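Chemist: Each chain is listed here by its residues.
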Amino acid sequence: MLRSGKVKIVECIEVTKTYDQGNLQVKALENVTLSIGKGEFAALAGPSGSGKTTLLNMMGGLDRPDSGQILVEGQECTTMSQSELARLRLNKIGFVFQSYNLIPVLTAAENVEFVMLLQGVPASERRQRAKKILDEVGLEGLYDRRPAQLSGGQQQRVAVARAIVANPAIVLADEPTANLDSKTAKGLLEIMLKMNREKQVTFVFSTHDEMVMGYARRLIHIRDGKVYNDVVQG
Amino acid sequence: MQYIQLAWRNIWRNPRRTIVILLAVLIGVWSMVFLGALMRGITVGMVKNGIATLTGHLQIHYPGFHDDPSIENRITNVVQLTETLSHVLPDKSRWALRVRVPAVAANARHSAGVTLVGVDPVTEARVSFIGGAIKMGKYLSDEDDHSIVVGEALLKTFNTKLGHKLVLMSQSVDGEMVSRAFRIVGSFRAELMSTEKQYVFVTRRSAQKMLKLRKDITEVSILLPDVNDVHRVREALLNALPNSEYEVLTWTELLPLLTAYLKLYDQFILIWYLVVFVAMAFGIVNTTLMAVLERIREFGLLQVFGMRPFFILGEVLVESFILLIIGIAAGNALALACIFGLGKSGLDLSAFAAGVEFAGMSRIIYPDLQLQDWVMANLVVLVLGLVVSCYPAFKASRYRPVEALAYA
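Residue numbers (the numbering used here), protein chains in the order written: chain A, 1 to 234; chain B, 1001 to 1408.
To be clear, the hints were calculated from the coordinates, so they are not data collected in a lab.
All the pointers check out, no bait thrown in.
Far from chain A by the CB rule (all over 12 Å, computed), these chain B residues:
#1 Val1079
#2 His1087
#3 Ser1111
#4 Ala1125
#5 Ile1134
#6 Lys1135
#7 Leu1237
#8 Leu1293
#9 Asn1332
#10 Leu1336
#11 Ile1364
According to the in silico footprint, chain B covers these stretches of chain A (three or more CB under 8 Å from chain B):
#12 50–64
#13 78–87
#14 102–109
Computed from a predicted model, the values in this text were never measured in an experiment.
A virtual CB, placed ideally from N, CA and C, is assigned to each residue, including glycine.
Can you build the whole structure from these sequences, using the hints too?
Modeler: Pasting the structure below:
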C-alpha cells in the first residue's frame, strides 16, 4: 500500500542496469526505487538516453536488472523464467509502443483480439469485447481495416485498445505520442485519460514532450538513470 | 481469428516467395511420385516379363536341373507329381508340364544355340507369355507333331519364314545326339528380343519323342493366384514331395539378377527421394529463414504480448506445414494426372529398343504407383520438411523481446 492509500501495482527496489557498449559500460539505471499504485496516470519524463525506456522494460518484465528487485502485484519477476514472464505479461501488463507495433496481417479488431486469443477467451466474447473497446477509443466501423489502411493516430488507438482490452493491472506506454502530430497526440492522451478515469486503468508512459507531461497526474523525472524528482501534479 | 488463420495470412505476405517455394515442393513431390511410379513400373514390368517368360511363380525340377539343365536331370514320376499338385496347390492355380533342354537350331544357312521347349499348348498358354504372343501364323495344337513356333527375331536371323523347315539337334536320354526337322507354323513376339532368339516351341509329345523321354518331363511351371503365397506353397510342396527327387524354386531364386535389381531399386528409390528432398530442403530452409528474419520485430512483439517461445516455434512450424501440405497436394495432383494420362498407353521406348533391351526393360513402360512408395514420398517431404523448418522456427522463438523490438 502506498502512502496515498493506493494498492501497489509495480514496485522497483534499488534497480540497477548497466549495458556493455564495446569497451564502454553505460549505466542505464542506478539504484532506482519507486512504486506505481493502482489507478495512477504517471509519466516518466526525461531526455533521450536518461533511462525511461529501460525502466519501462524492467517494469514490464522485458529485461532483467543487474541488481535490485521488481515486483508486479507482489510477484518478484527478476527471478522468473521466460515462460513465467510471458505469462505475467499476458495476464497483468499491457504495452503501447512509439511505433504502434500492430501485427500487419491482422485487422484492427483481430489485433485487439490477439491478447485475448492467447488468454484462451472464446471467439464470440473476444469479438464482442474487441468491438466495444474499439468503439470506446473512437474507431467505430474500422474493425476490419488492416494497419496499413489506418492513419498513425488510428493505429495508436488500436494499440491502446489492445493494451487495455484484457483488463491488465498496468499499461506501460513507451513514448506513445512521439510519432503523432500534436493534435492527434492530444486526442490519444484524452482517450488514455478517459480509460484511466472510467475504468481505473493504471498508465505509466514515458515522454520528453512538455505537452504530454502536462496530462500526467504524477511526473517522475529521470536523468542519468536516476529518479531525481517525483511529483504529483494538480 | 485463430493461429492457423494467422499462419495462412503470414504465408501470403510475400506471394512471390510463397509461390516459388510451393513450386519447389510441387516439382519435388511430382518427381518423387511420378518418376518413382515410372521406375516402379519398369521393375514391375521386368518382374512380369520374367515370370511370364517361362518362369512362373514356382518351378519344380529334378534336383540340380536349375544349375545343369541337361536331360539327365529329368522328372520321371509325372503321375505322382501331378496328383500332388492337384492336392497341394491352392484353387485357381495354373501349372504347365514342360520339356526344356538346350538344343541347336539349324537351317541350310544358319545355326544357333536355342532352348527347346516342349509344351502342352493349351495349359502352357495359360501359364506363360506364349499363348498371347503369336504374331504370324498359328499357335501349336496338341496334334502338331512336326510343327514349331519360333521368335520373330530368330526368323530374321535365320533369314527364313513360315512354312520353312528348321532342324533341331539335342542330346537324347541315351546320350546320343538326335535331330528332327520341324516346319515353322508360327512366330511370336516377346518383350525382349533375346527371348525371341532363345526359345523355340514344339509340343511336349514331339519333344519327348525326339529325345526318347517317353512320358518324362524336365520342369513344372506354376502360377499362383496370389504371388505372396509362393513361400507358403513352396513349403507345402516340399513337405508333400520326396526331396530326393524334386527341388522347388521360387521366382526370386530362378531370377537372381532380377531379384538383386529389385533390392537395389528399393534402396535406390530411398536415395532418390533423399536427393530430391535435399534440393528441396535448401529452398524450404531459405524461405522460412527469410520469412523469420523479416519478422524478428514481430516475434519480439508476440513475446511481449505473452506468447510463450514454444508457441512461436509452433506458429512458424504451422506456416511451414501449410506450405508443405499445399505443395504436396499440388505435386500429388500433377503426378496422379501424369500417371493416369500414361496409364493406358504407357511410355513407349521402342525408339530406344536396343538400350531398354540391354537393361532388360519392356519396350513400353506403364507407371505403377504403389501405396508404400506414395506414402514414403509424401512422408519424406512432410516429415523432413518440418524437421528442416525447426531451425528457423527455433531461431524465431529464441529472440529476446527487448532485442527483437529494437531490430530495425
